[in-house]
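Novice: With chain A held as given, fit chain B onto it using these hints.
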Amino acid sequence: MNEASKSGSDKGESRHVELKSFSEMVHRMNSPILITDFAGKIVWNNPAFEEMTGFPSSEILGKHPWDLLDDPSHNAEEIEKLRKALSHRESADVVLQTYRKSGEKIHLEVQLTPVADEQGNHPNFIAVYKEITRSLANEEELKYNLRQQELIAEIALDLNRYLDFDNSIEAVLAALMQHTQVSRIYIFENIDNGLACSNTFEVCNKGIEPQIENLKYVPYEYVPYWEKTLQETGVIFSEDISELPADVREVLEPQEIKSILVFSLNVNGSFFGFIGFDECVVYKTWKKSDLELLRAISGIIGNAYEREIARKNLVEKNEELRKINAEMDNFVYSVSHDLRSPLLSIKGILDLVMKSTGLEEKTKLLLGRAGDSVKRLDETIHEILEYSRNSRLDLSQEEFDLCRLIDEIQSDIQFGIPFKVHFEREVSGNAAQVISDKNRINTLLKNIIGNAYKYLRKDNPSSFVKVQASVEEGELKIAVSDNGEGIASEHLNKIFDMFYRASKTSPGSGLGLYICREIIQKIKGSIDLQSKVNEGTCVTITIPVLPEQA
Amino acid sequence: MVRFLLLDDEDIFNFLSEEVIHQVNPDYQCEVFSESEIALNYISSQIQQNLPVPDVILIDIRMPGMNGFDFLESIQQYSESSLKNTVAYILSSSLDLRDHNRAGNFSMVKGFESKPLSEEMVRDIISNLPAKKR
Numbered sequence: 001m002n003e004a005s006k007s008g009s010d011k012g013e014s015r016h017v018e019l020k021s022f023s024e025m026v027h028r029m030n031s032p033i034l035i036t037d038f039a040g041k042i043v044w045n046n047p048a049f050e051e052m053t054g055f056p057s058s059e060i061l062g063k064h065p066w067d068l069l070d071d072p073s074h075n076a077e078e079i080e081k082l083r084k085a086l087s088h089r090e091s092a093d094v095v096l097q098t099y100r101k102s103g104e105k106i107h108l109e110v111q112l113t114p115v116a117d118e119q120g121n122h123p124n125f126i127a128v129y130k131e132i133t134r135s136l137a138n139e140e141e142l143k144y145n146l147r148q149q150e151l152i153a154e155i156a157l158d159l160n161r162y163l164d165f166d167n168s169i170e171a172v173l174a175a176l177m178q179h180t181q182v183s184r185i186y187i188f189e190n191i192d193n194g195l196a197c198s199n200t201f202e203v204c205n206k207g208i209e210p211q212i213e214n215l216k217y218v219p220y221e222y223v224p225y226w227e228k229t230l231q232e233t234g235v236i237f238s239e240d241i242s243e244l245p246a247d248v249r250e251v252l253e254p255q256e257i258k259s260i261l262v263f264s265l266n267v268n269g270s271f272f273g274f275i276g277f278d279e280c281v282v283y284k285t286w287k288k289s290d291l292e293l294l295r296a297i298s299g300i301i302g303n304a305y306e307r308e309i310a311r312k313n314l315v316e317k318n319e320e321l322r323k324i325n326a327e328m329d330n331f332v333y334s335v336s337h338d339l340r341s342p343l344l345s346i347k348g349i350l351d352l353v354m355k356s357t358g359l360e361e362k363t364k365l366l367l368g369r370a371g372d373s374v375k376r377l378d379e380t381i382h383e384i385l386e387y388s389r390n391s392r393l394d395l396s397q398e399e400f401d402l403c404r405l406i407d408e409i410q411s412d413i414q415f416g417i418p419f420k421v422h423f424e425r426e427v428s429g430n431a432a433q434v435i436s437d438k439n440r441i442n443t444l445l446k447n448i449i450g451n452a453y454k455y456l457r458k459d460n461p462s463s464f465v466k467v468q469a470s471v472e473e474g475e476l477k478i479a480v481s482d483n484g485e486g487i488a489s490e491h492l493n494k495i496f497d498m499f500y501r502a503s504k505t506s507p508g509s510g511l512g513l514y515i516c517r518e519i520i521q522k523i524k525g526s527i528d529l530q531s532k533v534n535e536g537t538c539v540t541i542t543i544p545v546l547p548e549q550a
Numbered sequence: 001m002v003r004f005l006l007l008d009d010e011d012i013f014n015f016l017s018e019e020v021i022h023q024v025n026p027d028y029q030c031e032v033f034s035e036s037e038i039a040l041n042y043i044s045s046q047i048q049q050n051l052p053v054p055d056v057i058l059i060d061i062r063m064p065g066m067n068g069f070d071f072l073e074s075i076q077q078y079s080e081s082s083l084k085n086t087v088a089y090i091l092s093s094s095l096d097l098r099d100h101n102r103a104g105n106f107s108m109v110k111g112f113e114s115k116p117l118s119e120e121m122v123r124d125i126i127s128n129l130p131a132k133k134r
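Residue numbers (this note's numbering), protein chains in the order written: chain A, 1 to 550; chain B, 1 to 134.
Each hint should be verified, as a subset may be incorrect.
Just some of the chain A residues that point at chain B, by a computed CB distance under 10 Å [as the list claims (entries may be wrong)]:
no. : residue
1   : 344
2   : 345
3   : 355
4   : 535
Cross-link-like lysine to any residue pairs, in silico, SDA-like; alpha carbons within 25 Å at most [as the list claims (entries may be wrong)]:
no. : chain 1 : residue 1 : chain 2 : residue 2
5   : A       : 355       : B       : 100
6   : A       : 355       : B       : 3
7   : B       : 110       : A       : 405
8   : B       : 110       : A       : 420
9   : A       : 355       : B       : 32
10  : A       : 41        : A       : 105
11  : A       : 355       : B       : 26
12  : A       : 364       : B       : 110
13  : A       : 375       : B       : 124
14  : A       : 375       : B       : 120
15  : A       : 375       : B       : 19
16  : A       : 375       : B       : 105
17  : A       : 438       : B       : 101
18  : A       : 522       : B       : 101
19  : A       : 375       : B       : 11
20  : A       : 438       : B       : 120
21  : A       : 420       : B       : 119
22  : A       : 105       : A       : 29
23  : A       : 375       : B       : 26
24  : A       : 364       : B       : 32
25  : A       : 420       : B       : 118
26  : A       : 323       : B       : 124
27  : A       : 364       : B       : 3
28  : A       : 355       : B       : 11
29  : A       : 355       : B       : 30
30  : A       : 438       : B       : 105
31  : B       : 110       : A       : 382
32  : A       : 375       : B       : 30
No lab work stands behind these hints: they were computed from the structure.
Every residue, glycine too, gets a C-beta built ideally from N, C-alpha and C.
Here chain B stands alone, though its shape is the one from the complex:
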């Protein structure tokens, strides 16, 4: 069972991503957030309560308040422990090369994809997960 965490301030993209993910496999779980702070609280509380954490985080960069990079920095502390099996993909409409370059600094980030999420992308992401997760 794969757990997705979707984080985008624009609900339409969260909606589209969830639809596409469920088209690939209706059993995949999606936790959907439109605010970074709430997503961050969710992850912290899952960790504190020893509950399952997301396997795949799909995250937008340009968001009001805490942006995608701020969010990634905040969860970086768990990257070697609770989130060591979690991967993150950036899903953005940004064409700014600086965003692309900055994304490369986070060990959790495995890819930088252009919106919208496609079934092909979902399959690629899944195929790169450890076998027992698929």
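The shape of chain A in the complex, shown without the other chains:
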């Protein structure tokens, strides 16, 4: 206060009194406060200002506020505002970034107000400070937390995108490097049934020597502490590795590591490897929130490995299945070929003998029976093949002429029986050309129409088989009806079973309708069978088809 009184004018005394009572009033206020003279020199400060800045009063008084608190690089604009307010004797609010005496950076809000005397002059200014460092720091921390959350989201997304697992992991490590700015980040995977580990991924900061090639095979027996600690606690954390046991130091020191943070990676609940963060330049202190973040990310990476391993297994199994399928395919065709060859030669011989002259009627009859047996066995081979074909081959979509298909099937069947049967075909216009699985529909119709012919009543002169087809709401509906023997109700729920034959006299293998049901399941259609003994049977199949191409 002395300085203020000395530099006062004639009216200094009365102002001095005024200032004194005023200063006593603000002395005890918590806010740091300065009073300057008209030139901006500090003439008074309260203890709160000393406390905030760390400067004693003796180093404050007589200086300009910006001598104490200046940081021109950040404050040029704000200081300009301050000078302008001083020269115009106006009030102003500014925000300054500055330093305590200790060098610690602080942020201040300053309210500058001119104080008028009786003449209306403004010889003094009062500056009230408010430290906002804390709230700015909070804001920065919030931003940092947000960045951490973004990082976690980014990493989860990278790993889920799953274009290529290795690329995803590389991207994740790069993102972690950008965030942590440590020297080295790496992943080790256990090998040799967990007896050793191998460095599989690594990213290094600028100027840091990569280690991945030196660490392709690290037996855990060299670093028992490492394995034990990771297995038991899931983490190795040291801000100064000299505190770690010798076995671990021997491995870490040649890599010039000062601080280290490692999390175990677990896959399906067991120790799979680890992810680590080396610091080789300084002794790193980690934020608690970063430790938690990295622990969470290690968990995410562990999950990604889990899925990658499951995916690889699946690919392998698929490949295996494909191979087995192809082998099965060849096997089935070879077996059917080898079974049919002798059978067909028997057929050829029988045909030749039948053609020869002078055969007794009984011989002819017996030869005919032999021929029937050969035919039945061949049909069974066909059916087994059709069954295996249906279960192994993928669905196909091709456009075909349904009328032609039905006619071909009908004429083949009619060809094989000695009497003529009345056949009707009603195919509505929209069903003439359909796009579906032609081979499977062929097998279905061969079996169903074949059955209709097989179980006609031999004594009925007006036997008929009728096939009706139409497309309704994207579904092909084919109904095959006959006025044949019909099926007794006790058999109805079993006729689709494998090898089920309603009676000993039923011709066939008992596979036909079973194959039909399998095909229907495969092409996601439905099959319905209505039958009455001695009246006839109607089988209706419904199959999804593609709309006809325009």
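Specialist: The following block gives chain B in isolation, referenced to the frame of chain A:
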């Protein structure tokens, strides 16, 4: 006069085919082979010596060593010259659709028939030959 070439590793089918062919017409000639390589040599030497080549080749697919497709590939080179009037039919016990599809790739192959050869098949084959051959 029609010349047949029969090629099947199983002699029984060659025998049956020859019988059936001769039932249709005893004058039809049959050259019978159970090994593709020998059949191939026969055709090459006929061509080299300017001797008559087969009009109809009946061939099995699944044979040890050189199979039916290998054989067809080997004679494909003559299909536009010496064998331009020769037709081939596959006579097989195979139900493998891949065999059927592959047969379609050979211009000489006019049909894929299931064994055994029947008189009806022989008549069909003959009726599809150029008139002067029948």
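Novice: Look at each hint and say if it fits the structure.
Specialist: Verification of the supplied hints:
With a cut of 10 Å, the hint placing residue 344 of chain A at the interface with chain B holds, because the nearest CB-to-CB distance is about 4 Å. Annotation: residue 345 of chain A was flagged as interfacial toward chain B, and the flag holds, the nearest CB pair being 4 Å apart, inside 10 Å. Satisfaction of the interface hint for residue 355 of chain A is found here, the shortest Cβ-Cβ separation to chain B being roughly 7 Å, below the 10 Å cut-off. Restraint check, residue 535 of chain A versus chain B: the minimum CB separation of about 36 Å is more than 10 Å; hint violated.
Of the supplied pair hints, the one linking residue 355 of chain A and residue 100 of chain B is violated, its CA atoms being roughly 30 Å apart against a limit of 25 Å. A threshold of 25 Å between alpha carbons decides the hint, and for residue 355 of chain A with residue 3 of chain B the separation of about 24 Å falls inside it, so the pair holds. Simply put, residue 110 of chain B and residue 405 of chain A have alpha-carbon atoms about 21 Å apart, close enough for the 25 Å limit, and the pair holds. Distance restraint check for residue 110 of chain B and residue 420 of chain A: the Cα-Cα separation of roughly 31 Å exceeds the 25 Å cut-off, and the hinted pair is therefore not satisfied.
Taking the CA atoms of residue 355 of chain A and residue 32 of chain B, the gap is about 23 Å. The hint holds against a cut of 25 Å. Restraint check for residue 41 of chain A and residue 105 of chain A: satisfied, since their Cα atoms lie roughly 23 Å apart, inside the 25 Å limit. Of the pairs offered as hints, the one joining residue 355 of chain A and residue 26 of chain B holds, with about 15 Å between alpha carbons and a cut-off of 25 Å not exceeded. Distance check on the hinted pair: residue 364 of chain A and residue 110 of chain B sit about 35 Å apart at the alpha-carbon level, beyond 25 Å; violated.
Between the alpha carbons of residue 375 of chain A and residue 124 of chain B the distance comes to roughly 23 Å, so the proposed pair stays at or under 25 Å and holds. With a C-alpha separation of about 18 Å, the suggested pairing of residue 375 of chain A with residue 120 of chain B holds against the 25 Å cut-off. This hinted pair checks out: residue 375 of chain A and residue 19 of chain B have alpha carbons roughly 21 Å apart, not beyond 25 Å. Proximity of residue 375 of chain A to residue 105 of chain B is assessed by CA-CA distance (about 31 Å); at most 25 Å being required, the pair is judged violated.
In summary, the hint linking residue 438 of chain A to residue 101 of chain B is supported, as the alpha carbons are separated by about 15 Å, within the 25 Å threshold. Distance restraint check for residue 522 of chain A and residue 101 of chain B: the Cα-Cα separation of roughly 24 Å lies within the 25 Å cut-off, and the hinted pair is therefore satisfied. Under the criterion of a C-alpha separation no larger than 25 Å, the hint pairing residue 375 of chain A with residue 11 of chain B is consistent with the structure, at around 22 Å. Simply put, residue 438 of chain A and residue 120 of chain B have alpha-carbon atoms about 28 Å apart, too far for the 25 Å limit, and the pair is violated.
Between residue 420 of chain A and residue 119 of chain B the alpha-carbon distance is near 23 Å, which keeps this suggested pair within the 25 Å criterion. Pair hint residue 105 of chain A plus residue 29 of chain A holds up; C-alpha atoms about 23 Å apart against a cutoff of 25 Å. Taking the CA atoms of residue 375 of chain A and residue 26 of chain B, the gap is about 29 Å. The hint is violated against a cut of 25 Å. Proposed proximity of residue 364 of chain A and residue 32 of chain B is contradicted: the alpha carbons are some 30 Å apart, above 25 Å.
Of the supplied pair hints, the one linking residue 420 of chain A and residue 118 of chain B holds, its CA atoms being roughly 23 Å apart against a limit of 25 Å. Note on residue 323 of chain A and residue 124 of chain B: the hinted pairing is violated, with a Cα-Cα distance of about 41 Å set against a maximum of 25 Å. Proposed proximity of residue 364 of chain A and residue 3 of chain B is contradicted: the alpha carbons are some 33 Å apart, above 25 Å. A hinted pair counts as satisfied when its Cα atoms are at most 25 Å apart, and residue 355 of chain A with residue 11 of chain B qualifies at roughly 21 Å.
For a cut-off of 25 Å, the pair hint linking residue 355 of chain A to residue 30 of chain B stands: about 21 Å separates their Cα positions. For a cut-off of 25 Å, the pair hint linking residue 438 of chain A to residue 105 of chain B stands: about 21 Å separates their Cα positions. Between residue 110 of chain B and residue 382 of chain A, the direct Cα distance comes to roughly 24 Å. Compliance with the 25 Å bound is thereby established for this hinted pair. Distance restraint check for residue 375 of chain A and residue 30 of chain B: the Cα-Cα separation of roughly 29 Å exceeds the 25 Å cut-off, and the hinted pair is therefore not satisfied.
In this structure, the hints that do not hold are numbers 4, 5, 8, 12, 16, 20, 23, 24, 26, 27 and 32, in rising order.
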